[in-house]
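S.K.: Position chain H against the provided structure of chain A, taking the given hints into account.
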Amino acid sequence: MSEITPEQVAHLASLARISLTDAEIEQLTGELGAIVDSVAKVQEVATADVPATSHPIPLVGGMRPDVPGATLTTAQALAGAPDHDGSRFRVTAILGEEQ
Amino acid sequence: MPSNSGDLTRTSAADLGALLAAGEVSSVEVTRAHLDRIAAVDGDVHAFLHVNAAAMQTAAQVDADRVAGVELSALAGVPIAIKDVLCTLDMPSTSGSKILEGWIPPYDATVVARLRAAGMVPLGKTNMDEFAMGSSTEHSAYGPTRNPWALDRIPGGSGGGSAAAVAAFEAPVALGSDTGGSIRQPAAVTGSVGVKPTYGGVSRYGAIALASSLDQVGPVSRSVLDAALVHDIIGGHDPRDATSIPEVWPSMAAAARAGQTGDALRGVRVGVVKELDGDGGGFQAGVRQRFTETLDLMAAAGAEIVEVSAPNFEYAVAAYYLILPAEASSNLAKFDSVRFGMRSAVTGTVEDVMGATREAGFGPEVKRRIILGTYALSAGYYDAYYGSAQRVRTLIQQDFAACFEQADILVSPSAPTTAFRFGEKLADPLAMYLNDVTTIPANLAGVPGMGLPMGLAPEDGLPVGLQLMAPARQDARLYTVGAAIEQLLEAHWGGPLWAKVPELSRVERS
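Residue numbers (this note's numbering), protein chains in the order written: chain A, 1 to 99; chain H, 1 to 510.
If we strip away everything but chain A, and leave its shape as in the complex, we get (with noise of 0.2 angstroms):
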């Protein structure tokens, strides 16, 4: 069995920035368990011999010419934001009162 304890599930959604209720984390606790005990199967074969694959299709460069293409404009880009002063992003304070 898998050592997963709802500590570690609110730090990992902590580091996700997912602001989980406790019935949530308490509930991920569980699951998780069975996942990661079901999913450690591939160390039984996955042993240090065998070279690991990131992409199926290895590609080398993939860089585009080197040319001025299409870019968004700024209205564009700042369609879709949930705030916004018409030339920057809006958010709420980057550092808390603490810091």
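In short, the hints are calculated from the structure, not lab data. Since we're looking at a predicted model, the values are computed, not measured. Cβ atoms here follow ideal geometry from the backbone N, Cα and C, with glycine treated the same way. It is possible that part of the hints are untrue.
[As the list claims (entries may be wrong)] Derived coverage of chain H by chain A (criterion: at least 3 residues anywhere in the stretch with Cβ under 8 angstroms from a Cβ of chain A; other residues may be distant): (1) 105 to 113; (2) 334 to 346; (3) 389 to 396; (4) 450 to 457.
[Stated by the list, open to error] Okay, the calculated bits of chain A under chain H, using three or more residues with CB under 8 angstroms as the criterion: (5) 14 to 23; (6) 26 to 35; (7) 38 to 44; (8) 49 to 55; (9) 62 to 74; (10) 77 to 87.
M.R.: Quick look at chain H alone, frame taken from chain A:
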């Protein structure tokens, strides 16, 4: 060409293209017929999240271009439905999530731009599991899509909306995306056709990313030829996608037509993947029966059936549910309440607002996978989980290479069961994940896969799907072999399987 052009919603995209080119129907008529069908049945099916208000205008423009003698593509004037994972300039693109409710992107996905350039008429955006995480559309933030074959059952996922749209005659063709089976599994349970191209064969620019090393965009249809015609329009190199393969591809439509000559299966070595043939349990009896019968038909048509073994496929689901959440947790970090999408009205720092927004905007499956992915990538666990999964990926690629030494094409059922009922697997994430056991290996290895119908299961009368897999870059082979099998099966049935889908009426709704 069909004589009964009266029912335009049951006409294939290929035939519609021919009727339009011959001037026998207009795109306005074809588009109107499909919009009327959507209005009549989508209250029950719920395949669409958004219907394109400008569809008739686009159709009229294509008709005007044709009259003016503009050179048009084979599918000009043919309507198409678009999975909501794809960015569209003129329609909301939510990926099935509340966090993107109402978001209208400032650009078109390359595949959408290519459809428009080919004169196809976007009908609307189709429903899906949130951020393509799921096998049933039950994880859509906007409510599930219902299977046109039985409205109390799931249409598969994540692309259940696109599959249901073509199965319910709301669109002749559609676009989907397939990260672990999201095109092929819905095709299986709705009796439709769907193709996951070779990784890098179709541009993902403007496809809202789930897992970048697995995602592929592909066609959804009621026939192999129609899928091929759409593939030819959307496929090919895109400089805006760094994973796009810089090669010229053969015509998939020509490949499909080559499969319809009646002799295309002669001498083809068809590999039955032992680990996916259902003997290991978990496969419905009717799925196994139709699979065996289809193999017999292929053998009678001259195919050489060989058994092949892929021993590491057993580890594919486990590897997938490490790689996918890891990549998804990173891709979904962009939903930060700053640049687009929703923002919760809470006070505090930007980080507080971000956390509250993501808590309110993401559904339970998305949270589950982000947390799982964050765990798999954590210091101290990375090598044991994510690193191991990447090694398994190599083993699966090696298995494919060994299989393709013995066979030209690999086959398996597309899904272990027919469509299940709503709620049946919702409480058990692991049971839901196992729906993808047959389709995941192709994504991990990047090889192309096709799903097509192979009959109805005797025990429940619901569609059963056949999966074909070819070596990377050999997508054309799928279309040739797929079209040949489709022709054999339809001759055996006395018509296409979709002709047996029940008429939709309010009475059936449970």
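S.K.: Hint compliance check: list the failing hint numbers for this structure, sorted ascending.
M.R.: 4
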